[in-house]
Amino acid sequence: ALPILTKTIDLPGNKGQHFFFDIGNGDSLAFFWFPDAPKAEPEIGFRMKKSLKGPVSFEVAAAAIGTVCSAIEIIDSRYQGFKYFSLPDVIADNCSSGRYVWGEEIAFDAKLDLGKSKMKFLVNGEVAAEAPGAEISGHPVNSVVQLAALLAPYGLEIPEGALVLAGAATPASALTPGQH
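1 is the number of the first residue of the sequence shown in my numbering; add one for each residue after it.
If you're looking for bench data, these hints aren't it; they were derived computationally from the structure.
Be aware that one or more of the hints could be misleading.
Below 30 Å or equal to it, Euclidean Cα-Cα: the simulated BS3-like pairs (lysine-lysine) are [what the hints assert, rightly or not]: (1) Lys39 - Lys7; (2) Lys7 - Lys111; (3) Lys39 - Lys120; (4) Lys118 - Lys50; (5) Lys53 - Lys111; (6) Lys116 - Lys53.
Kindly produce the complete structure, drawing on both the sequences and the hints.
Spelled out as structure tokens, the structure:
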């Protein structure tokens with residue numbers, strides 16, 4: 001199920017909004033929206049059931065994933081009017097990641113072909129963006145493979161219980177106050 005917006009509070013002085021979502025199972029999620037961070041993108045999220053130290057194969061990465069969910073990343077950037085990021089820019093900007101909305105988790109099954117899944121990002125009930133899951137590194141699980149490989153030279157691992165956002169399948173969609 002998708003997160004459902006239950007309440008919005010406007011912050012004084014037009015400084016942003018506070019959103020409250022029902023994410024299922026009696027759980028709620030709250031996050032802030034700031035005027036300088038008005039974009040969001042649909043993503044696929046994974047929760048790791050086992051730690052993972054790379055480099056690893058697709059199959060090993062898939063076996064370490066416990067659950068999967070739909071997610072939304074709220075884009076935030078310290079750069080104004082950016083058009084191109086170099087790798088150092090991306091790192092300095094924390095990958096333009098500000099916040100996220102984590103959907104209801106379901107058990108991950110490696111037989112489920114997330115690469116062929118159709119992702120639709122709805123704004124006010126209308127499709128703002130859509131793409132197959134394969135737009136995320138060829139298959140969303142490849143993001144976990146890549147993350148493990150990036151951490152490996154430093155002796156680091158993806159820990160058990162970690163939340164991993166696989167990446168965006170579509171360009172970010174601009175949002176304005178009051179949209180849902």
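Earlier hints that do not hold, by number: 2
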